[in-house]
Structure formats: structure tokens, C-alpha cells
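Chains as they are written, first to last, in our numbering: chain L, 11 to 247; chain Y, 2 to 182.
A couple of the hints might just be wrong.
To be verified - In silico DSS-like cross-links for lysine-lysine, where the CA-CA straight-line distance does not exceed 27 Å:
no., chain 1, residue 1, chain 2, residue 2
1, Y, K58, Y, K69
2, Y, K161, L, K73
3, L, K212, Y, K71
4, Y, K71, Y, K117
5, Y, K117, Y, K58
6, Y, K69, Y, K17
7, Y, K89, Y, K69
8, Y, K71, Y, K161
9, L, K73, Y, K117
10, Y, K58, Y, K89
11, Y, K71, Y, K17
12, L, K73, Y, K17
Said to hold, decoys possible - Covered stretches of chain Y, going by a simulated chain L footprint (3 or more residues, C-beta under 8 Å):
no., segment
13, 132–140
14, 146–159
Derived from the structure by calculation, the hints contain no laboratory data.
Only a predicted model underlies this, so the values are computations on that prediction, with no experimental measurement involved.
Cβ coordinates follow ideal geometry from the N, Cα and C atoms, glycine included.
Residues per chain, in single letters:
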Amino acid sequence: MSPDERTTELIHLAVDNEATERDLVELDELLARSAEARVMQDEIEDLVRQLNGLPAAEPPHLKEAILSEIGRGSTSNVTPFRSRRRRLIAIAAWAVAASIVVGIGINRIIERRDHSVQPGQASASMARLGVDEWPVVSDVSSTGVRLVVRQNGDLYAVQPVVSAHAPITIRWEAGRFDLSEASPAPEAGRDAAEVTFSALKKPATIILSRRPDAFGTTDVQLLVAGNDAAHASIALD
Amino acid sequence: MDEEELDRIAIERCRKGDLEAFGTLIDRYERPVFNAILHMVGNPEDAREVCQQAFMKAFEHLDSYDAKRKFFSWIYRVAINESINHMKARRTYEPLSEALPYPLPNPAEQYEGAEKRRHLQTAILHLDENYRSVLILRHFVHLSYREIADVLNVSEATVKSRLFTARQLLRQALEANGHVA
Chain L
11 MSPDERTTEL
21 IHLAVDNEAT
31 ERDLVELDEL
41 LARSAEARVM
51 QDEIEDLVRQ
61 LNGLPAAEPP
71 HLKEAILSEI
81 GRGSTSNVTP
91 FRSRRRRLIA
101 IAAWAVAASI
111 VVGIGINRII
121 ERRDHSVQPG
131 QASASMARLG
141 VDEWPVVSDV
151 SSTGVRLVVR
161 QNGDLYAVQP
171 VVSAHAPITI
181 RWEAGRFDLS
191 EASPAPEAGR
201 DAAEVTFSAL
211 KKPATIILSR
221 RPDAFGTTDV
231 QLLVAGNDAA
241 HASIALD
Chain Y
2 MDEEELDRIA
12 IERCRKGDLE
22 AFGTLIDRYE
32 RPVFNAILHM
42 VGNPEDAREV
52 CQQAFMKAFE
62 HLDSYDAKRK
72 FFSWIYRVAI
82 NESINHMKAR
92 RTYEPLSEAL
102 PYPLPNPAEQ
112 YEGAEKRRHL
122 QTAILHLDEN
132 YRSVLILRHF
142 VHLSYREIAD
152 VLNVSEATVK
162 SRLFTARQLL
172 RQALEANGHV
182 A
């Protein structure tokens, strides 16, 4: 880290009350030596004062509305403050979501008939609850394939959809991610930077954990029968 | 008894079907959660909708809440995720509002500071979501680096990197508008 970057970091740590005694001593020495650093400190302190000085807005007191909705047992339908247009959009979205849920449900019923659930599989499913609600950061499609990537903090859920009944591989840049979990369990070729499924009988989800030192942009690749089928570009910053 | 303990007791009561206990959690967290969402989505009407949705989603998924974690980390995370989902859904048909409804403390402040504050709000709303969420959790919810890391499920190093970059981007935006930060 160059002296300038270190000075900047120390100034930010100090204004956030996150600096150690040692950091503060180091900062004092750097400030004593550099007029530029003192100007930067003034600017950052002024900005932080402005940010901290923005008054809080009064909340709309939603308790009664929320408890009333929950009491009616309709926790999945929040509509009282939506405009008519948004209501229509919401209804359309719910119709699509409902069809997806029904499809997944049917798929899972079929799957349960075929396989008994192992303890490890059960816990993996528990850990993935809510993955489909993570924000989508990449969604690419080409003929017969779709590759969706969702993000939740440092976790990335990779969800390939392939119409062909063929082996598929999800490959990522080694050093950027660690494999956290995969469902269904990969059937072949599992190593540090890819997982392979002989064929998908149900929707697959691969959870990748971003390494703390990984920044910039990276690609996640979908291969079908060994052929490059789709690339999802992901910004890690 | 500290707030974490009060949260834990309220959640236990919720899980036993006591709806009023969830009301106490709403009372405790509505203000900071609403303000965090308001600065994420940039529009009071949307913030109201997302805030309501976030609390209802929290109630719906209370069984999956890990009691070893702090409740506030969890509810802020739900709120940030709901905000991001909302923004992604809205992005195609509505621009962000650039004037948030702050109460103004006095006429002199209204006259002198309103424009500067408006530029600051606008600059915050134009930050990338990753930078904006860290900045909001730091300055409007007043969480420490460690707490922000817990909410966003990232490392403290990532929190620092994003926060410092966010401030740098804000300074540049304010300078571009003639407001030296």
C-alpha cells in the first residue's frame, strides 16, 4: 500500500472511530509531514459531518398495517400502498412466480419419488432457503440455455437451465471463488474451479463464496456436453 | 436488560404465536429500517412499501432466523435485500426521486443548506448499490464496520474498501457540482 493510500485509510478509520491508538499515532505523524494529507482530512471530515448531519425521516408508523396483514394471514401480499399500475405489475409477477413455484413443486415431488433424502442433502437445502429471492446480478440466455447468477453479500448462486439432456459443467475462475455447496450433488468432475452434472433432472443451484481478496470482474461459464454455452460476467466490487 | 436480550425474548414470543411481540420489534426497528430503505430506494412511497414488505417477510421467515445472530443484523439484511430487489424491478420504468422528505430544522438552514443537501442526496442515490448500502448502514443506521460486515455477509476489509470508495465518489460528485466536501 502506498503512503497516500495508507494515509487515506487512516483518516477514514479515525473519522469512524475505528482507528486503534497505534493508528492514531501513525496518522498524526503522517499529517504533520503532509499538507496534502491535512487538506484531505478536512475534506473527509466535512463530508462525514454532512452525512451524519442529514436528519432522519419520520417513519410512516406501519405497525398496525403490518400486524393487520399478518393477522389476515396474507404475508405474501402487500398491496395497500401500491398504485394501480404497480398492482397490475404485481399481479402479473405473482402469476409468473406462482407458475414457477408450481413447476418446481411438481419437479420436487417427482424427485422425491426417485431418491431418498440423505441428512447432508437436507441440511444443504436448509442453507439454501431464500436463494431464489437473492437479487439477480447476471442473466444470460442463448438457444436452449440460460445462466442466472444471484448475489447475497459474498455468496453467489449460479443457476443453469438447460433444455438438452446432456452433461453440464459450471466453471469459474480459480482464486476468485470457493465452492460453498451444490444441489443436486455434482456427479462428476468436481474440482477447485468447476462442477459437472451428468444431466439435470431438476433445477441446479451452485453456491460460490467470493474470496475476500477477489475484486474486479470475472466470468462464470456454462458448458453443455463440453461445449461453451454461456458466460455470465460478474462485477465483484 | 439490553436490546439484544429484549429482541430474543420478543422473537421467542413471536414463535409461540404472540403477534403483539412482533409489534414491539416493529416499534424498535421501524425508524432505522425505514430510513435505511428510504436512502436505498430514494422515494418515500416506495420506501413505505418496501419497509412493510421487509417486516412481513421477516415475520414469515422467523422460523429460519438463527438466534445466534443479532436480530438487527438480520432485519437490516432483509431490508437491504428487499430494497435491491425493488430497485432492480423498478429500474426499467421509473427514475429515482432526487429529493427525500427530510424535516428541515430552521429557515436559515433551509436557505443555506438545502441545495448542498439536495446534491448530497442525489449523489448518494447515484452510487452503486454495494457502495450505497455500506454508506447507509454506516451513516444512517450508525453500525460499526464489524456490524456492517455481519449484515451484508462480507468481510470487514470489503466494508472498509466500499465505504472509502463511496465517500471518494461522493466527494467527486459534490466537487463536480461546485460543492467542495
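Practice problem: Could you grab the alpha-carbon distance between K71 of chain Y and K117 of chain Y and see if it respects the 27 Å cut-off? | Solution: Violated, because 36 Å separates the two Cα atoms, which is more than 27 Å.
Quiz prompt | Pair hint outcome, K58 of chain Y versus K89 of chain Y [Cα-Cα no greater than 27 Å] | solution = Holds. K58 of chain Y to K89 of chain Y sits at ~18 Å (cutoff 27 Å).
Practice problem: Check, residue by residue, whether the segment 146–159 of chain Y contains three or more positions whose beta-carbon lies closer than 8 Å to a beta-carbon of chain L, and give the verdict. | Solution: Since 7 is at least three, the answer is holds.
Quiz item: Does the alpha-carbon distance linking K73 of chain L and K17 of chain Y stay inside the 27 Å limit?
Solution: With Cα atoms ~19 Å apart, K73 of chain L and K17 of chain Y stay inside 27 Å; holds.
Practice problem: Given that the segment 132–140 of chain Y was listed as covered by chain L, double-check it with a C-beta distance under 8 Å for 3 or more residues. | Solution: With 3 residues closer than 8 Å to chain L, the segment 132–140 of chain Y meets the three-residue bar; holds.
Self-check item: Distance restraint between K69 of chain Y and K17 of chain Y, which requires alpha-carbon spacing of 27 Å or less
Solution: Distance of about 18 Å is within 27 Å: holds.
Self-check item: Hint consistency between K73 of chain L and K117 of chain Y [alpha-carbon to alpha-carbon, up to 27 Å]
Solution: The hint is violated at about 34 Å.
Practice problem: Mind checking the alpha carbons of K89 of chain Y and K69 of chain Y for me, to see if they're no more than 27 Å apart? | Solution: Judged against 27 Å, a Cα distance of about 31 Å means the pair is violated.
Quiz item: Straight-line Cα separation of K117 of chain Y and K58 of chain Y no greater than 27 Å?
Solution: This hinted pair is violated, its Cα atoms lying about 36 Å apart.
Exercise. Please work out if K58 of chain Y and K69 of chain Y have their alpha carbons no farther apart than 27 Å.
Key: holds, 19 Å
Quiz prompt | Satisfaction of hint between K73 of chain L and K161 of chain Y, Cα-Cα up to 27 Å | solution = At roughly 34 Å apart (the allowed maximum being 27 Å), K73 of chain L and K161 of chain Y break the hint.
Exercise. Would you mind confirming whether the straight-line C-alpha gap from K71 of chain Y to K17 of chain Y stays at or under 27 Å?
Key: holds, 19 Å
Taken one by one, the earlier hints fail for this structure at numbers 2, 3, 4, 5, 7 and 9, listed in ascending order.
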